[in-house]
Amino acid sequence: MPVAGTSVNMFILLGMGGIVGFLSGLFGVGGGFLLTPLLIFIGIPPTVAAASDSNQIVAACASGTYAHALRGTVDFKMGILLFIGALFGGTLGVKLIHLLRATGEANFVISVTYVVMLGSIGSYMLYESLLGLFGKRSEKTSRGTRSGPSFFARLLDALPFQMEFTRAQVAFSAIIPLLLGLLVGVLAAIMGVGGGFIMVPIMIYVLRMPMHVVVGTSLFQILFTSIHVTIMQAWLNQSVDFVLALNLLFGSVIGAQIGTQVGSKLKMDQMKILLSLIVLVVMVKMLVGLLAAPEILLSYQGGH
Amino acid sequence: MFRYPLLSVTLLASLLSAAATVHAGGDRTLLAIEPDHVQVGFIYGGQKISVRSNVPAGDEVLLKVKGATRNLNLKKKGKVFGFLWMNVGDVVYEEVPGLYVIRSSHKLADLAPADVLRQFEIGYDALKAKIVTAPDGEAGKLFGDLIKLKEKEGMFTIVEDGIRHAPTPDGREEIATEFLLPPKAPDGEYLVELYGFKNGSGTLLGSGIITLEKDHMIRFITSMAGNHRLLYGHLAVIIAIVAGLLTGVIFGLGKGKAH
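Residue numbers (the working numbering), protein chains in the order written: chain A, 1 to 304; chain B, 1001 to 1259.
Because the hints were derived from the structure by calculation, they are not lab data.
These figures come from a predicted structure and were not determined experimentally.
Among the clues, some could well be false.
Once the Cα atoms are required to be at most 25 Å apart in a straight line, the calculated DSS-like pairs of lysine-lysine come out as [as the list claims (entries may be wrong)]:
# : chain 1 : residue 1 : chain 2 : residue 2
1 : B       : Lys-1079  : A       : Lys-285
2 : A       : Lys-285   : B       : Lys-1076
3 : B       : Lys-1066  : B       : Lys-1128
The task is simple: from the sequences and hints, build the whole structure.
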């Protein structure tokens, strides 16, 4: 790998991309949040793993975004606002990584962010799936129950710069997508993810957007956020390895095809429990790395 | 050999130090290094190097392979808040070889006394004496961790009893050994030296050079990523988009997933 500065068997990368692609096809989620930790486990420096994962996401999202744009299932107004927020968030995140690399703490911060995010998401998914399995899933959304608007819904309505998003069939302040974009941009830079695993639930449960527009708009935002983060990481941190990214892409495309076929034969709640357990296992492995006494008390500066 | 000025100076120094020992050296033993030129491409996973030579019978032999040296600034890990392991300080080592490989026919301690081994920079104790300026400081205390770090990468290896002997009809011995030029080895020249030991003293029997270089494409990409970062970033994005659209066409994708 020219930029990672190490050599990894091509078949391991294809296989890893394949496994993550398989999970992606099986569970209907992207694999960005699993791919970076797996790359770290095989010895790719965390900063390079996250940045190259962003590059891989550009490739993985390109055709999906194009297809959704053709189908008219992208709310461009919302997507552009999200992207403007992500421009600032991504820049902030890349600069943070740049600063942390200089002090030697970038790897630590990436690992901590992963532990927190994977822990929260994995636990929530497991909880939701168990509720679904036992038929107790709540119908409530953050914007309120059927009996009336929630505090959050009233807050959304009270914010300035109210806007109508025609294709998404919703109306709220422009500040909301800008802030969401900012958050996702920061996470994209630190974790090397697109942020869809945060954006999609928020769009569905909090902003109450229709599902077909959620996926298209989320992909649009992910594509442009990942493009921005890739260029910034290459420019500021020299941490993008596109050879690594392409290997992962080809593996994941094939894996996703197989995963989709297998997924159609399994029950959704059981699959979600399985995914949440995978996410939690990865989180625990990273947590152990932070808490257990390291085998070697010395490491290279700057993540290499 | 003298096409490589830096290594030639190192080699000359080694020859002079060898001459200072009991054995005068005499005829240089030829080393057969296979391959002595390694090119790093996209699927490079390290290169096994084999070394053969014909040495005087009765000598114990040792092969040393050393890469270019540079100062290493490392981070020391320590416990913070009583439970989190973070970087807590810097540790500096001077003139650390990029690669350090030892293959010997016997245990190092059985070949020669420590001062002789130190003279030839053979063994980790000798290396410590060379690269740690303050043995009682952090660098000295954590020297074992530096060795573990380098051994984990495959950049430092010592294998005692790692050389095969076979007598030849002319009363000498044919020796053979192998080592791996690891995937992380940087491009450059690596000095290979074969020593003979007898009665506690050593002689440099012969030497050679291995050259490792990246192929044109790898060099081009590395140079782009380092010297034309903004352009490289844009190219990485364009390549990713084209690859993504192509795979989309080939595999009939287009269904969105959350990343």
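Right, here's what the structure says about each hint:
Pair hint Lys-1079/B plus Lys-285/A holds up; C-alpha atoms about 18 Å apart against a cutoff of 25 Å. Taken as a hint, the Lys-285/A and Lys-1076/B pair is honoured in the structure, with Cα atoms around 22 Å apart against an allowance of 25 Å. Proximity of Lys-1066/B to Lys-1128/B is assessed by CA-CA distance (about 15 Å); at most 25 Å being required, the pair is judged to hold.
Comparing the model with each numbered hint stated earlier shows that all of them hold.
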